Amino acid sequence: MHGTGSGTWIEIDGSTGEGGGQILRSALVIAALTGRPLRIWDIRARRRRPGLAAQHLTAVRAVAALCGARVEGDRLGSTELVFVPRHAPRPGTWTFDVGTARPGGSAGAAGLVLQTVALPLAFADAPSHVEVVGGTHVPLSPPADFLETVWAPWLSRIGLHVAPYLLAYGFYPTGGGRIAADIAPPTGPEPLVAEDPGRLLEVEVRALAAELPAHIPARMAGRARTLLAPLGVPIRERPARVRAASPGAFCYVHLHFEHAEAGFVALGAPGVPSERVAEQAVAEALSHTESRAALDRHMADQILLPLAFAPGPSRFSTSMATLHLETQAWLLEASGLARVRIGRGAPVTVEVEPQLGPDVGRRLR
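Position 38 (the sequence shown) corresponds to 425 in our numbering; numbering is contiguous.
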């Protein structure tokens, strides 16, 4: 199936929907996996500073390295990009540093770069190892904890095997964190049916602070425990102090159900009490639990792209139809990969009908 920059162009208006970096990252994955050339304009048009930031530029160059792509417009601030793959993504050992994309460094999201390169490599017929340097716990991106406890298990469930793990913490503004992943050859992707999460079995609370007093993680964990106690399930607390180049703090709540995983994070900020940080993470976790949805609102849009390459239709429930979910659905339809139907009930039911044929996974490999 994979061409060498041949085939129908993927033409994408980057201002569509949420108009952020998600469209760009997903379009890069589609181009890498299908071999189709990509042209995207108005990149991040709905952001305060449009165009490629350090994280997005790193993702572009990383995926280009995987598939030997010819790239035009790969510079900071660029709002247009041409990306022409020359070969299928090549497995191996890869390291990417978000800090090198901008003079003076960057705390750009290492997790988003990892997700972008991991998906193409997860379809390859040989193992890979990837490391990304940057911000591991920064705003508007999945923390390393989410990738480990939620994203990776859901991918494994459909036959894509990515095992992320944290090597060093990185907070805003310095970054300098490091996240890695070992990627094994696929046994899928297979369609997903996930409408009922089953019983809630356990809650894990990770409350961490870097270069800050020990009472901060203890207070976050204590407040989270108090708010989560009415759920009536075991609560595992992991308060800790860690080392990092910049001070930072976060509270992460991981919900472990019979048939599902979900995760929610809140980052500390100057002047925000530790208890308030915990309350923010717990509020999202409790809202999701009450929804009885299988996938949390973040995982829902992240699972759509791999499901578009499955040999048959998928169906799952999520707590809400976010703009990210709707934008990802639009992109899959615009690129001819899948039809996506998003319900309006509570919880929201999402149906994915791939358009590439039943043997697409084998052809990608």
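To be clear, the hints were calculated from the coordinates, so they are not data collected in a lab.
One thing to keep in mind: the hints can contain errors.
Derived DEER-like restraints, expressed as beta-carbon distance ranges [unchecked claim]:
| # | residue 1 | residue 2 | range |
| --- | --- | --- | --- |
| 1 | Pro540 | Glu518 | 18 to 26 Å |
| 2 | His646 | Gly619 | 40 to 48 Å |
| 3 | Thr482 | Arg628 | 23 to 31 Å |
| 4 | Pro526 | Leu554 | 19 to 27 Å |
| 5 | Arg462 | Arg630 | 40 to 48 Å |
| 6 | Arg436 | Pro634 | 19 to 27 Å |
| 7 | Arg436 | Val458 | 18 to 26 Å |
Note that the coordinates shown come from a computational prediction; the quantities given were computed from them, not determined experimentally.
Don't be surprised by glycine CBs; every beta carbon is placed ideally from N, CA and C.
A quick look at each hint next to the structure:
no. : hint                          : in the structure
1   : Pro540 <-> Glu518: 18 to 26 Å : holds (21 Å)
2   : His646 <-> Gly619: 40 to 48 Å : violated (19 Å)
3   : Thr482 <-> Arg628: 23 to 31 Å : holds (28 Å)
4   : Pro526 <-> Leu554: 19 to 27 Å : holds (21 Å)
5   : Arg462 <-> Arg630: 40 to 48 Å : violated (34 Å)
6   : Arg436 <-> Pro634: 19 to 27 Å : holds (24 Å)
7   : Arg436 <-> Val458: 18 to 26 Å : holds (21 Å)
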